[in-house]
Amino acid sequence: MQVKDTNKNKRSIGWLALACLVLQLAVAPNLALGNGRINFALIFSAVVALTIGGRTGVFCGFLAGLVFDLSTTGPIGLMALLLTISSFQMGMECRNRLAGEIGPSMILYAIHALLVSLFYHLAMLIVGQASSIFDVIVQRTLPTFLLSVIAFIPFAIFYSRGDGTGLSGRQRGGRPKKGSRYNIGNI
Amino acid sequence: MPTMNGGGLSSSGLHKDTQGNGSRLAVVLVVLSLVMFTMSARESNGGFFTGVRSVYSTITTPVRYVGVVVTAPFQGLGNIFSNLTANQKSLSELKSENAKLKASNVKLKEAEKTSERLEKLLALQSTYKLKSTAARVISGATSSWSDDVTIDKGSTSGLAVGMPVTDSNGAIGQIISCGGTSATVRLLTDENSRVSAMIQSSRAQGILEGSSDGTLKLTLISTDTSVKVGDNVVTSGLGGVFPKGLPIGTVMSVNKSAGALYYDIDVKPLSTTENFEEVLVITSLTEDQQATSEDITSADSQDSSSSSKSSSKSSDSSDSSSSSS
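Quick mapping for you: the protein sequence lines, in order, are chains A and B.
Here the first sequence is numbered in the numbering used here, starting from 1 and rising by one per residue.
Here the second sequence is numbered in the numbering used here, starting from 1001 and rising by one per residue.
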């Protein structure tokens, strides 16, 4: 549930998106484990979904996936589809999960990272880009999953610090701040 | 009284509105993604999505370039850990010199073979008179799925889709998409890569395919021909894309299954992605660099001999089955 969607949030999302875009274009191609590479689009969508969630999370997931698709040679729309679904599921909680629950958030992210990576590569297998399920699982899915989880750790630590990050749209229970978009206290 | 229950406030209208909006948006975006995926998968070269991707590639080229500059100091970390006993500088120089000598050796052997086979050349001529454009590699593969690099030249420099690309060692790939100021090169080691190639010593012609483990597979080499480990593999020029005789790699292993018509040959490429810095894009081929009618005839005869061998084997097997029956 989204209870606050301020301009501060938009600016913070913008900076995070810019950072992840630069990392995706500049760093990811040059850091590889086997055939796996870090998926910064997944990391961006997960941070937004876990801290803000709701419509913002879903929309950011879709855009991040679309940008990822444009920067690869694969079909456009596949990663956008997966990150839309992933962001929607991760953003269903009505609170900022990264602030205070970094452990469970990491586990949730890891599950999503594994599923997104697995389904992406399986889809590529189905469209005829590979002939071996072994190749899909061992040489592509697992390295991508591992690298994306490791790369998510600094983001999770940074955004688990709370208000300093700017991505603090949802309250962890208690009274909402004045000026919130929806005043839960009056319900 | 609202209660916190899993996903949120279950009894308030606020919960329904917010979740409902998110759900509706998710459904719309999922449908949109599926439509784009379907259209993109069915699209041929030059379609809408190719144009969008080309524009995106052009816009993001400076960022990729910065990435290469920033990560350049870390590129040699793997070498440092695997060669702790040697001086890094001397090791780099020796490797570089060794690569040049190998390429030079392949070129000289190719020139010698050409001279012997045709018996008409009056003087030793340079095998590779390439009309080419120099470019710099600015990025590796973004996806784990493809094995490609991005170069800093595009259609404004006269490049186009399909042009072959080489480095100092030999052929490395082919342009698969071309923007205004950048182009994507599919490497020979990509799983979708197919290049006509031949064994330099025996002139046996086949198809070189990429694989996920970074090696190259040379297929369609008949078991009638002689192939041994260490043989040089060069481009055959068939197909008219790559110039004839360009070095590609060396034979790493040769396997022959019982009853098989073709060898299973693993080829080690002369170049690795880590070494790509400056490359040459071959913009056009001269007649000398294309496959001759003799080469085409040779390839055809190789195919026909394999076919006849296959048919004789099948007739043998049918004979034996009929006799046994």
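Please keep in mind that the hints were generated in silico from the structure rather than gathered at the bench.
No residue lacks a Cβ here, since even glycine has one placed at the ideal position from N, Cα and C.
One or more of the hints may lead you astray.
Stated by the list, open to error - With beta-carbon atoms standing in for the labels, derived distance ranges: (1) B/Tyr1056 with A/Ile157: 49 to 57 Å; (2) A/Leu31 with B/Ser1092: 15 to 23 Å; (3) A/Ile126 with B/Ser1293: 41 to 49 Å; (4) B/Arg1042 with A/Leu115: 21 to 29 Å.
What the hints assert, rightly or not - Derived contacts from chain A toward chain B, CB cut-off under 10 Å, selection only: (5) Gly57; (6) Ile107; (7) Gln139; (8) Thr141.
Tested hints:
no.: 1; hint: B/Tyr1056 with A/Ile157: 49 to 57 Å; verdict: violated (31 Å)
no.: 2; hint: A/Leu31 with B/Ser1092: 15 to 23 Å; verdict: holds (21 Å)
no.: 3; hint: A/Ile126 with B/Ser1293: 41 to 49 Å; verdict: holds (42 Å)
no.: 4; hint: B/Arg1042 with A/Leu115: 21 to 29 Å; verdict: holds (26 Å)
no.: 5; hint: Gly57; verdict: holds (8 Å)
no.: 6; hint: Ile107; verdict: violated (17 Å)
no.: 7; hint: Gln139; verdict: holds (5 Å)
no.: 8; hint: Thr141; verdict: holds (9 Å)
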